[in-house]
Amino acid sequence: MAREMQFRTGTVPDNVDGRPVAVGDQLLAGDAYLLRTTSGFGYFYRKGHGLIVEQPPGADPNEQALWLNAGVYSAVACINGLKPIHASAVAWDGRVYAFTGAPGAGKSTLVAALGDCGLPMFCDDTLVLDLSGGPVICLPGHKRLKLTPQALALTGAQPQEKVSSAVDKFFAVPASGEVGVPLPLAQLVFLERGEIPAVEPLSGGERLARLGESHYTEFLFEQANALDRAEVFQQRAQLARRVAMSRLVRPWTPDRVAQSADFVARWIRAAGKQRR
Amino acid sequence: MTGPITKLTANYSETAIEDEVVLLNLDSGDFFSLKGTARHIWELIDGVRTRDAILAELARSYHLQAEALAPDVDGYLAELSTAGLIAR
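Chains as they are written, first to last, in this note's numbering: chain E, 5 to 280; chain W, 3 to 90.
Take every hint as true, because none was put in to throw you off.
From the structure, some residues in chain E lie toward chain W, with a derived Cβ separation under 7 Å: (1) G208; (2) G209; (3) L212; (4) A213; (5) R233; (6) A234.
Sample of chain W residues lacking proximity to chain E, with all beta carbon distances greater than 10 Å (derived): (7) T4; (8) G38; (9) H42; (10) A55; (11) Q67; (12) A70; (13) S83.
Across the chosen pairs, the derived CB separations fall in these ranges: (14) W:G77 x E:V177: 51 to 61 Å; (15) W:E81 x E:G22: 39 to 49 Å; (16) E:Q154 x W:F33: 31 to 41 Å; (17) E:G22 x W:R90: 47 to 57 Å; (18) W:D21 x E:A6: 37 to 47 Å; (19) E:E165 x W:D32: 45 to 55 Å; (20) W:A18 x E:R279: 22 to 32 Å; (21) E:Q10 x W:A18: 37 to 47 Å; (22) E:G122 x W:A72: 51 to 61 Å; (23) E:R273 x W:G77: 42 to 52 Å.
The hints are simulated quantities; they were obtained by calculation from the structure and are not laboratory data. Glycine included, each C-beta is placed from N, C-alpha and C at the ideal position.
Pulled out of the complex, with its shape left as it was, chain W reads as follows (with noise of 0.2 Å):
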């Protein structure tokens, strides 16, 4: 996991409401309501930073511990992907 990631930005459709980050998979229909940290993640995903780009600068942001961070952002990433938004 050292390479870019990158949003599939074919796959989905994108908007912001409120505090809200809404997107649809354009394959399956699904809703992702992306808010707080998981909108902060997706926002930190521009097909530049990698993974361990994406857990310094939350690391950074939150003033915690990239490692303490790193299995929540694992698990959220893994999910993005199974869900065909992001390419690892």
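Next up, chain E with everything else stripped away, as it sits in the complex (with noise of 0.2 Å):
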């Protein structure tokens, strides 16, 4: 993915294929991706061509930053055949922990808090799977950590610069550091708020429903690998089949996140000690 990350600056076409792409929208098609920003960048990928980044004038190179780690990244991975998902995670004990949910879940400041506790971050917003061999590989964060200014507060990770003038987060440094090597996949957990602490393991029917959210992640690998429903319902199903998924239920208001980040490292620690 690094390889295919590496970008020239120079003018994207406007169309993929004879397909146009207006500003503000993206398409991806083929072994082609094509994002026109209304701020003016453009970025074309097209499988052994590389990367083309159109910069407009004066362009912020932490905007630029954004946009290419987002969605461009995970549309070259969706075309590269790995499978990106909406998670952040962390790494214990050789494998990794994921955590997904909606924005405003907690999963950013869940893996900095638990870094605190002692656990490497893995990923934040985005986890590239490997799909391709028997264990589920993930591939290590291509992202930043980002965090509100309330999360770092509460998570002991270091703030870095603002991310951008219209974003009230900063980058950070997570408190036990990065993992960077590719990893197995030991369990995908869906984050929910509730008063008693607790991890459940979930059923297959479960597992399929859950696999359905709505993210653009979803949409670029369905768009590149040109699913149905019924090859998506498949695809989600062999996933479901190979990976461990858990719903972890936590008080989530600021006085009680390191309440809930020691629960979690303490789980995940006796899931690493069942293992062996």
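Join these two chains into a complex; the hints should help.
Right, here's the structure in full:
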């Protein structure tokens, strides 16, 4: 992926193989992807030909990086046979524990708080999976951790510069650092809020239903692989069979973030011991 | 209800995960999770067996009278039919 994401600057087309793409829109078709942002950035990738970035006059490098690391990275991953999912993750004992949920569910904050419990971060917001072999392999994160000022104060992560002038988040370095090597996926955990902390395994049907979250990574994967509804279902079923999944209920008010993170850290360590 | 019961395979996609069979209605997008007896009945629907043959098979398997099972089985078959998964 690092090789595929190397880019050159230039002019991007306004269509993909004759299919027009309006400003503010994106299209993934076959082995090509085009994104044209309203702020004037353009990103065009075709497998085997690399990535072109078109920069508007006075381009903001932070904004360029945000687009590059979000939809563009996921699209390039999909075109190259990988599966990005909407999750943040930590690594422990040579395996990855990934947390997923809707925006605002607390994925980044939990991962940052787990850093304060001694668990290094594996990725933030997007987890890229390689499903081609036996075990499901996670590729190391490509995004820097981003936290709100409140999350920074709660998690012990070290604040860096502001993400952009328009976003009230800061880049941050997690307290236990990051892991940068591919590792197998141990668990995919769906985040929920509730009074009593608990982790419960999900049955097959529940796993399948929950894998249907509407997120741009899902749409890109379906477009890249030209999947119809039945094929999407079978592809998710394959993932549901191969990956252990749980639901994690935890209190998620500011005064209980540390308590919840401690609960999750103990659960992860116990899961690691149980495997040995 | 004397004819064979058939699965409407064009209407759904099916997969097995551990002890469950999960069906997706391709039209509505609804999921159906079949476990235990529900899965057993689903597997007995083979395009040849009638409602009575399915009842007889279940009665043998669970050592029960077919009449005792009939209300639940009929209700379940009606659900599958309403969901567009089988034809009777």
